[in-house]
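Trainee: Chains A and B are the protein sequences, given in the same order. Here this note's numbering is used: position 131 in the first sequence is 131, and no number is missing along the way. Here this note's numbering is used: position 186 in the second sequence is 186, and no number is missing along the way.
These are calculated hints, taken from the structure and not from any lab test. Watch out, some of these pointers could steer you wrong.
If chains are identical, the list can't say which one is meant, so a pair holds when it fits in one copy or spans any two.
Here are the simulated DMTMM-like cross-link-like pairs (lysine to aspartate or glutamate), alpha carbons at most 25 angstroms apart as the crow flies [stated by the list, open to error]:
| # | residue 1 | residue 2 |
| --- | --- | --- |
| 1 | Lys286 | Glu219 |
| 2 | Lys93 | Glu176 |
| 3 | Lys286 | Asp240 |
| 4 | Lys444 | Glu433 |
| 5 | Lys260 | Glu100 |
| 6 | Lys294 | Glu124 |
| 7 | Lys56 | Glu433 |
| 8 | Lys179 | Glu425 |
| 9 | Lys444 | Glu169 |
| 10 | Lys286 | Glu297 |
| 11 | Lys444 | Glu176 |
| 12 | Lys294 | Glu126 |
| 13 | Lys217 | Asp291 |
| 14 | Lys295 | Glu126 |
| 15 | Lys217 | Asp236 |
| 16 | Lys444 | Asp174 |
| 17 | Lys56 | Glu437 |
| 18 | Lys179 | Asp52 |
| 19 | Lys18 | Glu49 |
| 20 | Lys404 | Glu169 |
| 21 | Lys459 | Glu169 |
| 22 | Lys440 | Glu176 |
| 23 | Lys260 | Glu361 |
| 24 | Lys366 | Asp335 |
| 25 | Lys267 | Asp307 |
| 26 | Lys127 | Glu298 |
| 27 | Lys267 | Glu297 |
Protein chains: 2
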Amino acid sequence: MTFNGLIRDLKKTVGSSKIIFSNEELQVYAGDASYDLINHTPDVVVLPETVDDVIKVVRYAKAYKVAITPRGAGSGLAGGCTPLSGGIVLDMKRMNAIIEINRTNLTATCEAGVVLAQLHRAVEKEKLFYPPDPQSKSICTLGGNISTRAGGPRAIKYGTTGHYVLGLEIVLPDGEFIKTGNICLKHSVGYDLTHLFTGAEGTLGVIVKADLRLLPKPESQRTVIITCESVQQAADLIGDIVRAGIIPSTLEYLSRSPIKLFNKNIKPPLKEDGGAYLFVKLDGSKVGINDDLKKLEEICTETNSIDIRIVDNKNAALYWQMRANLYPMMVAQNDKIIPEDVTVPRDKIPAFIEKVKKISEYYKMKIGISGHAGDGNMHPSIIIPDRDKHTESEILMVIHEIIKSGLDLRGNISGEHGVGVLKSEFSYLELGERQIEVMKRIKKAIDPQGIMNPGKIWKN
Amino acid sequence: MTFNGLIRDLKKTVGSSKIIFSNEELQVYAGDASYDLINHTPDVVVLPETVDDVIKVVRYAKAYKVAITPRGAGSGLAGGCTPLSGGIVLDMKRMNAIIEINRTNLTATCEAGVVLAQLHRAVEKEKLFYPPDPQSKSICTLGGNISTRAGGPRAIKYGTTGHYVLGLEIVLPDGEFIKTGNICLKHSVGYDLTHLFTGAEGTLGVIVKADLRLLPKPESQRTVIITCESVQQAADLIGDIVRAGIIPSTLEYLSRSPIKLFNKNIKPPLKEDGGAYLFVKLDGSKVGINDDLKKLEEICTETNSIDIRIVDNKNAALYWQMRANLYPMMVAQNDKIIPEDVTVPRDKIPAFIEKVKKISEYYKMKIGISGHAGDGNMHPSIIIPDRDKHTESEILMVIHEIIKSGLDLRGNISGEHGVGVLKSEFSYLELGERQIEVMKRIKKAIDPQGIMNPGKIWKN
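Just chain A, with the same shape it has in the complex:
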């Protein structure tokens, strides 16, 4: 298939208005938000507007063995939507209808291109709640969230995207269409294909629609900032909070370094001599929150935390906005940032932080540590102020060491970003050859030609 033939055929298949093929525009589709990874431009981008468009394109790709890479907002951090073999990128952003919000059934049915914040707003208007909240929520799409089992800070209490996907509509690599699951909470009919496709990073088919579970919107919420003496004290506190039966909706760990920056906007400033900081959000009924607040203050007093600040609800958004901006802020200030995404059991957080500090010292590389500590999901970020200072292989070594540290503590190599390209050479470390072999067999059974998002999850 020549390039001109491909464009000509796709124009006939879905119409010119749904195709992008100018060189400049294709550059945008060469990678995702992960910094400085292998990029690769596709031959063409199709922006389907209907399920039928998707089916036609996939059938065409099948007939001519052209690679297809489904793409949400491109906000991923593992290179999952990088079209390694060129071919067609399916940009799902035009399929962005919220089809139904059912207040009695507590479900929503949405197209894959719906932006997460758009869904949040729509359901919250109905006093409902969709918990998953990756930091990229203002731009990321549901299809991308589902394909990476995306998480976010609220996972500690509410779980991740997989916990809210009830059913999917999928175009398979042979162009056939299936509908898995449905809008019922209970479902015990055959293999759970819904969750097989959730987290498959677009390698098994194109997700076009999803049935999602909703919750009632919590009546109220409250933000608390705890300044701790040390990492160990912060980790102990996390354990104490959980064991006291308090499950915050968010429980973030921050090191000292970003606090100075935050203090430019916060009045009064937070104490800057803390060894670690916990950003806590409680949600639920007002009486329930007051109950939890009391317990939380007692715990902090008992453990001699430096400071506990209960933030006024009208100022809370500022604190969380700063937390969400941490990664883009670091990207802006440095030559290169590699955000890691490792999860460890909650009781292993101090051991993990200790290991990362040692790696940082040994390799003389700056590593910032923040994370959704409540659920053990840590994001050490390798900070390269000047990229001439370290070789690629040194950086790779550090990534490898961080990943191994997590695994040694019974953790996993990716909590919420997926494997994509970035970690495809490390997945065997966690999964082992036998498990990858099973995944490869499933891949082959569903996509025998290997046209769906090739080169991801494992190295061939």
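Once you have looked at the hints, place chain B on chain A.
Mentor: Same frame as chain A, but now just chain B:
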């Protein structure tokens, strides 16, 4: 392989003390708790005590192409553990160790043969909570729960077994061993094999161990019985409750007929002229429950329910015991009972009940209706007081009509019992040929010889 050869070989493989092959004992393994279904005795039962035992038996079965049917307590209601092709039943009950309960990480790691009530007791002693609660909880095993994505009344608030399985240890049909997932809440590494095997009804491998997610034990609970004028009023109430942001931990629907029986034990008796009854349990903090109770009373007053009874906590267990005994009680009193398990969206419950009543009238067959109405999971039970009155094909027709009624309302054919044998001829109605084709390809990829629990989920 002759019968004698099989016994001799297995004795050598795992030792005589782990094998059952007398005719009388094999009868026990011919079926499950579903009444009057196709039964089939296995050739031999193996009771493995270690993962190594399981591996050895599966390798042996693979070498000689002998069928293997994994079995928990045999309390299933769809014939899922009936060894249709004879061969080996793997009775997992001896692998019943609770290996770890981690209070800080809120996780438990258990062998597959752990009885659910045993886990409930163990975690509750630590002030923790494992929500899934099928009515057979005093005998059913975790392996069986996982293999059927079992639910129970608490699913309305807490979801089903699948929501609590974080990782699995599995012996594959080729005798190889894999460990999927882990004890972390967040996990985004490759295909979600954990949930592919959860609900696979033992057709893809033998689950030997599971990592489970726990919650803090709710501080308190409260039982409320609401007597409604009509089915419609009960259904409206369910909607009103949910839309008011109250999610009870349990919300059961009962028809009038069992109430008379219950009244033999209840003081004062419940009013017997209700058109429908809701058994509600609220859980959470004491203040939170009081808040919900107030709202609930207001809703009942506004909708003119006949009666609302807030049950003393010390008497509540009696009400729930009677609810749990409903099915065995019906079985004891009638010649034959076929318990159906259909889920519909919550707002479609009255339409479903109406349809079932019409089926009952048309076929002149008694159908009792109860269900976990909070999550739309309805259990119409076909009651045959005298089995000579109806032919098998009439009964099959009624089952078919009930299932179709659920599907027409966007429901599914099995909420929590699985497909097993009982529904294997109906699964295509929900899943469609294309989706079953995908499942068959996965089955073939993982179990090419077809030795794992053959004949289940779909008709070949």
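Trainee: Within, between, both or neither: how does the pair lysine 444, aspartate 174 come out at a Cα-Cα threshold of 25 angstroms?
Mentor: both (12 angstroms within a copy, 18 angstroms between copies)
Trainee: Pop the pair lysine 295 and glutamate 126 into one bin, within, between, both or neither, using alpha-carbon distances up to 25 angstroms.
Mentor: Between copies, since 19 angstroms is at most 25 angstroms while 32 angstroms is not.
Trainee: Measure nothing new, just compare the shortest in-copy and cross-copy C-alpha distances for lysine 260 and glutamate 100 to 25 angstroms and report within, between, both or neither.
Mentor: For lysine 260 and glutamate 100, the Cα distance exceeds 25 angstroms both inside one copy (45 angstroms) and across copies (41 angstroms).
Trainee: When no copy is specified for lysine 260 and glutamate 361, does a C-alpha distance of 25 angstroms or less occur within a copy, between copies, both, or neither?
Mentor: within (22 angstroms within a copy, 74 angstroms between copies)
Trainee: Tell me, please, which holds for lysine 56 and glutamate 437 at an alpha-carbon limit of 25 angstroms: within, between, both or neither?
Mentor: between (31 angstroms within a copy, 21 angstroms between copies)
Trainee: What label fits lysine 217 with aspartate 291 when the C-alpha limit is 25 angstroms: within, between, both, or neither?
Mentor: both (19 angstroms within a copy, 16 angstroms between copies)
Trainee: At most 25 angstroms between CA atoms: does that hold for lysine 294 and glutamate 124 within a copy, between copies, both, or neither?
Mentor: between (28 angstroms within a copy, 24 angstroms between copies)
Trainee: If the cut is 25 angstroms between Cα atoms, do lysine 18 and glutamate 49 qualify within a copy, between copies, both or neither?
Mentor: within (8 angstroms within a copy, 60 angstroms between copies)
Trainee: My question is about lysine 267 and glutamate 297: at a cut-off of 25 angstroms on alpha-carbon distance, are they close within one copy, between copies, both, or neither?
Mentor: within (21 angstroms within a copy, 45 angstroms between copies)
Trainee: How would you label the pair lysine 179, glutamate 425 (within, between, both, or neither) given a Cα cut-off of 25 angstroms?
Mentor: Answer is between; shortest inter-copy Cα gap is 19 angstroms, intra-copy 33 angstroms.
Trainee: Is the C-alpha distance from lysine 366 to aspartate 335 at most 25 angstroms within one copy, between copies, in both cases, or in neither?
Mentor: within (12 angstroms within a copy, 75 angstroms between copies)
Trainee: Is it within, between, both or neither when you check lysine 444 against glutamate 169 at 25 angstroms Cα-Cα?
Mentor: The answer is both: 20 angstroms in one copy and 23 angstroms across copies each meet 25 angstroms.
Hint check: a violation occurs at hint 5 only; the rest are consistent with the structure.
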